[in-house]
Amino acid sequence: MIEGWHDAACRYSRRNRGKVVLAVAALVAAGAAGLTLIRFDGNIELMLPRHAAVLRNLDFLRTSNVSGKVVISVKAASPKATLAELLRAVDRLARSLDPALFPEVVTGVSAKDIGGRLEAIRRLLPAVATPDDLAAIDGMLTREAVAAKLRENYRRMLAPGGMFADASLRSDPLGMTSIVLARLKAATDALGFRVEIRDGHFVSADGRHALIIASTPVAVTDAEGSRRILDHLESRLAGLPEWAGADVACGHAHTVSNEDVMKRDIRLTMAIAAVAFPVLLVAAIGDIGAALVFVIPLLAIVLAVNLAYLLVGTLSYAVMGMGAVVAGISVDYGIHVYVALRARRGGRRAGGRPAREAAVREVTGPVTASALTTAGMFLAFFFSRIEGYHQMALFAILSILLSLACALFVLPHVLRERRPGGLIAAMEGAGWSSGAAVAGWAAVTAALVACATRIEFQSSMAAIDGTAPAILRAEERLGEVWGKKDLAVVVVEAKERDDALRVNEDLFPRMREVVDQRSLATIAGLDPVPETRRRNVARWREFWRGSREENLRRLLGEEGARAGYAEDAFEPFLAGLHSDPAGAPFSELRERFVQETPAGTRVMSFFPDRADLVRRMEAAAGDRAYVVSRNAFADTVARVVWEDMRRMTAATVLFVAGITFLFLRNLKATGIALVPAVTSVAWLLGFLALLGLPLNVANLVANLVVMGLCVDYGIFMTYRSRYGLRTGTVRAVTLSALSTLVGAGVLLFARHPALFSIGLTIMVGVTAGYIASVLAVPRLCAMAGLDLRR
Amino acid sequence: MTGLRPFLPLLACAALAGAVPAAEPEKAPDPLGRALDRIEAQVGSVRSLKASFVQEKSLKAFRNTITITGTICLEKPGRVAWHVSSPLRYSVVITDEVIRQWDEETRAVHEVRISDFPVLRTVLDQMSAWFTGSYGALLGEYEATMAQERPVILEFRPREGHPAGGVIRSVTVGMREDERYLEWIRIVEKSGDSTRIRFENTVINPKLERSDFEVGRRD
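Chains as they are written, first to last, in my numbering: chain A, 1 to 790; chain B, 791 to 1009.
Just chain B, same shape as in the assembly:
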């Protein structure tokens, strides 16, 4: 469970009960709306995906920028595999019910049932929305602006009172020319830390193997 510590702080909030009205989805203004509609239509045709990624994390806690490379496999409706090849081998596979992770240092597979940690679902839903391009559904929680029209660059800022606003300052998404998937995503946190992920060699709708969703996979 150790690799899932990031989610632990959020579990604390399972203690706090309150009625939260589900926000009605907001209608995005044009041309942003048109762009989102186009993206939703394109991304909607993506059933699976495989891509290399380069992630750069600029964190106050670390001396230097951390560069992480690896592969992401995605299969709708809810399977994600994140295989890191450097700086050390690490895998996490997320399905609808469980999260499984492995790393080359401990060499142990840790598994957690999402239902045992209710707030995990909230985090995973957010991740899923960013990685699958379902940006229309995020408009209830984020204000969106179009930073560039071609290729599309969208900037999202958490709305007032939204939980993510406690942590995130902005999320910027750069789409590919064909708008079928992300080319890059950049997250800037309130603390000033930032993460940028660039996707390369993206294959849309590949036939994914079983081994793509196994932890401990070697690239």
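If we strip away everything but chain A, and leave its shape as in the complex, we get:
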């Protein structure tokens, strides 16, 4: 059937050669013009799986005021620079930041009106005191406890700092305010930094660094916006004095760095490929005219990019990163046609057709089978939950089909008659496939399979993170200076603010069971909802009603007199027991924990990001809240991607084996045709294990591509044996493998670890598949009685 279509198409293109070539040229020109209009998407979310937990985490990172922070650590590099000079430089830098990009810039703590705030914190106690707090206060009301406390306060007077302590001594002699202060201190640790406060600024313990924390509305996943803020920061940091240096830490730097590395790699790999392919033409083929063969995939890619963009509306940079690989794959069809034409050159007619057409007709079946199996392999990518993979698959399938069409229907009309030459000219007749070769192949494969049992799987996405080392070093330095903690977040979301605060309050006791209060930063216990406040105040007043207050007054009088206190020393405290409680005196703190979103209100509580705590906190939160953890997020992504890989691999095996059988229509032949694909997997895993390299998400995906490629070699070599093809199959397979190795080999120059990993995988896998197809397949066909040539 395929040959029939091919005959019809050949007749048409033979009669309308000029029109066909012109049409192709016009399409390509339009495609090239279209490339300038296409906007590529640097959003890394396209390369993350669409899984409920992943999407929720991403949405939080995108919309929260936690991830949108940019941390700048300014250092006085010169020992001559004073702290005052450092802080002035920090203030100038903070003032110079564009408010549109950084609407909020924090350099320290405002300690204004300390006395008023302390009083307000003390007056807050009735509104936040829980039954446990009241039980603790009850323990402070015994004679022994009161006497000890008053004596302790007296000792405080002896310290140099005691000169500022009298106000709190009279208004809070028993230190009840410490209940609120402890919660406040834990809440401030939400910053996660180890800081000192000097002159109202965040300063490091060594006094040589000062900190700026700037909020930005630009999402971490927004590559363009991230570049804008980093460029702005760079220009502002250039204004620092000579003696000052700065380190910046933010998620935006990772986004931009990954994109820059990817773009640089794409430019470099394309440039190398542009040189390497012509060298291949001259050295391996000895015919510069064969450059037309290598133009086909480039033309197909140009058209495919435009078509894919029209169909999906956006394309990821990662898709283009695979451009060199796809070019290396889809050039195979043109190679087989070219080699077939060279093998049957001359004007002799066969079966009423021109010899050239007859030659192409002979390879149409295996070339089409090869293209469809490779397309089938990419079809398996649609079983993944990663949108970027779908784009990649669509782009690759379109490129492959367009390359196939050009190879079969356009190339024969534009190639001139030439004698075969170059290094591979003599390969066809070489009898490399022998019993010894098969034995050697089997032995090596068995040995590598044994090694492969030691392979490790690296699930961490960090393995394929292309962030520049300089950025990671800056973050390390920052962590060393400021002791940055990794924090996970319990997130409560509700339409109404009070509902979200209420749920957070309800969860507070459970959160405290998981994490010690000192490590739990939350607004719960500091800013209760109105009904909780009313309940607490009523409980407080009930607590002090009756003899408790009288008893305390008597104890303070007696023990106070004994310790030298004035008779009315504690009147401010006793009067304050019945004053109206204050509202929470720290609206700035509230902003750290409560965020308004388009969907309502989000209340956040922070705790150390440890796997065991995250698990327990998720159990404690139930379905009323969710936990966002950077570490757990990476594990979740890796787990979901691994599940996708299993599905994709199963689909690949099904499609590839199925399509191969459809063309070969023989189980034994199908099995033999799959030998190179199986060999490629075994050798890849074995070599990775030998080199001590782990399997990761990137080379798992590349492995699927390799399987699709190597099954093509198997199909051709099996076809050659089964149908006695005399179309230069070995030459074509060799040239195909070489061109794929060139296309993948350029990725070894890539800095991005994902691209490098893909390049290494394809190099090893294709080499293995080629060796198996040339050395083992012919002999296996002969052993199975499928060799027509014998």
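Keep in mind that the hints are not guaranteed to be accurate.
[Stated by the list, open to error] The list that follows gives simulated cross-link-like pairs (lysine-lysine, DSS-like), each with its CA atoms no further than 25 Å apart:
no.: 1; chain 1: B; residue 1: Lys840; chain 2: B; residue 2: Lys866
no.: 2; chain 1: B; residue 1: Lys997; chain 2: B; residue 2: Lys866
no.: 3; chain 1: A; residue 1: Lys75; chain 2: B; residue 2: Lys866
no.: 4; chain 1: B; residue 1: Lys840; chain 2: B; residue 2: Lys997
no.: 5; chain 1: A; residue 1: Lys149; chain 2: B; residue 2: Lys850
no.: 6; chain 1: A; residue 1: Lys80; chain 2: B; residue 2: Lys866
no.: 7; chain 1: B; residue 1: Lys980; chain 2: B; residue 2: Lys850
[To be verified] To give an idea of the chain B side of the interface with chain A (calculated C-beta under 10 Å), a few residues:
no.: 8; residue: Phe852
no.: 9; residue: Glu895
no.: 10; residue: Thr896
Hints are computed from structural coordinates only; laboratory data are not their basis.
Just so you know, even glycine gets a beta-carbon here, dropped at the ideal spot from N, CA and C.
Starting from the known structure of chain A, fit chain B onto it as the hints suggest.
Just chain B, lined up with the frame of chain A:
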């Protein structure tokens, strides 16, 4: 940590975040400026110091004025030891990184890392400035007037909006005749409470022993 409770209220303010521009140091007018310059020059030559002190605290919370005697040892850039001998033995030693204290009643040594309580640094910087005579650096936060020229008596009042203004009304410093150190310092709080510390038997640049900076030292 109990003896460090005075600092706890200030820790609350670590919750309150806001940009605070560092104030540019103010230029003091003459003759105050001349006096400050002289004092800075003299005090600048002091690398260490040991003195007895008598501190009188007039506090509303107490029936009588509290009189505290003891010894202060100071070693630049950042070591201070405050040893109280009466009314009860108490010691606190402050270095750049830790505060250690001891008293004869609990007989326990309590230690706190300053980095664990960020606002402590603010308090300690203030104390250090008053005790080491670095008054020029305080002019950004306090208005200074010269109450007397010889020997120098300076009065400082917190500027509008300065954190200390919530607690302190004024700080008055009386220098020695040779202006190499304080003779006395008086702090009047907004509440009306006051503290006066008089320094006696001051030795400038003595060789301080290790034991001078150990808590629990007996005079």
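### Query
What are the numbers of the hints that this structure violates, sorted from low to high?
none
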